[in-house]
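> Each chain is listed here by its residues.
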Amino acid sequence: MSQATLNGILTDDGGEACSCYFEYGDTLAMVDTTTPTIGLRTGDTFSATLLGLVPGTTYYYRAAATNSMGTRFGTVLTFTTLHVTPPVEIPSPYGVMIGDEIICLMEAG
Amino acid sequence: MTQALFGGYGFANPSTVNASYNAVSSGGGWTAGALEYTRTQLVATPGTISRLLVKLSSAPGLGKSYTITVRKNGVDTGLTCIISGAETIGSDIVNTIPVVAGDRLSLKQTPNGGPAATHIYWSTVFEPTMLGESLLLGVGAGDKLVDNYIRASGAYGISTITETSTWQVLPVAGTIKSLFIRLSQSPGVLPDGYRFTLRVNGVSTSLTCTITAPATTGSNTIDAIVVSAGDCIDIFVEPLNLPANNVTVQMGLAFVPDGAHVVGLVLGSERFGLSAIDTEYNALLTPNYNWSWGVTEAGFEILGQTCKLSGLYILLENAPGIGKSFTFTLRVNGVSVPLSVTISNMNTTGSDFGHQVSISDNDFVTIMCVPSGNPAVGRDYWGCVISELIAPSVTTLQATEVT
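Residue numbers (the working numbering), protein chains in the order written: chain A, 1 to 109; chain B, 1 to 403.
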């Protein structure tokens, strides 16, 4: 499985300490949220690490900040988790190809 | 974005027979009509004044009343309320009066029918035409013989030759501009005059204004002074060419705070020094430099209205000393609230920007100081921020460590 660390900065707390988090998902609906970081003030950065992501998948995410006057969101960004090539055995007269490697079974000729 | 202007005076009652006058912002002893100019402050940026709230310590009594009216340029406005009979609070939340730079503001109380003696407390709000601008309202005095200093904001007209006694500390950074001055009378005969200069940390700035006889008004809307949190401000008064007349100096400045949620300042200071032993109280917004702490809270109240207070900043002339401290705490209706600063050891400054206190209509506000360990005393200055909460803003940054 894949993982990623999301980052954000509270550019204006609006006058009181804020709770900040991320919305994310593999569609623009971004149905998942991270655990909020509380007590942030203007200029504070925050981050959250996502585990168990699906390899080779594009995820959408945006930062969010909440105080008693409401919640505001940052712009939506994306990241794509890396592909993990599964081992594939390819028969060969000289060896077996596993992933990108060929395991030599016998000398040619 | 509205700035609450707190006011009140709890140490002496106004006349129960004749009209008397006070300052719109802060407040001191009431004065008779002929001396209204000593309680008159100047507007430095256009906007409106509204939401007059008034509270009495004693009800007027059956068939009797007090009328409280905001005055502009020496004339009663429609911003007024009557408190009668058994009532102790009143308001005018309907009428709004427009003001422009240079307008004079004062407050009048008129007793009707011989009401019971009472302290009077009041507050209004200022809504600027230009977003982000707030008022510093002041009135001081000009001495014709010596260079002297007055506070940049205050409620009645006195001055001193000791500059640090008139300092007020700024809790947040911003810009000060639009110096407006009006004198109670001409300095004398040409070339008699006075020069008024905003000073920051004891250094003259370019925000200055010279008034030469026979003029009585002047302004500087050209220069703007950038100030930082912790800077101390005052007004330097220089008599020019041996003016014939002492003057009362009505003043106005515009403060444009950094930070969109800051809508105004509440500034206080005191020159006599804190007690090293006793818990003491003061008005959050002191009327002039000649103002001391007291061991009883009663009398120091000023009236608030719905707003948020935050950013309490304290400056001490002398560090408390090793193992010693002063703790300053905001109080609302006689109860300590979590906006507090402790200054200990060899420190001389402290602030609390981590808390915010909600003030409601007709709340009384004071500040309390508790010494610990017999600390060293000296002049003390404080300021806090009137803030208007807004929703936060946040920026999404690129994801990292993607695998």
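No lab work stands behind these hints, which were simulated from the structure alone. A couple of the hints might just be wrong.
Short, incomplete list of chain A residues facing chain B, as computed with Cβ under 10 angstroms [to be verified]: (1) Q3; (2) A65; (3) R72; (4) T81; (5) T85.
Think of the CB as a built atom: it goes at the ideal place given N, C-alpha and C, for glycine as much as any other residue.
> Now tell me if each hint is right for this structure.
Hints, verified against the model:
no.	hint	verdict
1	Q3	holds, 6 angstroms
2	A65	holds, 4 angstroms
3	R72	holds, 5 angstroms
4	T81	holds, 6 angstroms
5	T85	violated, 14 angstroms
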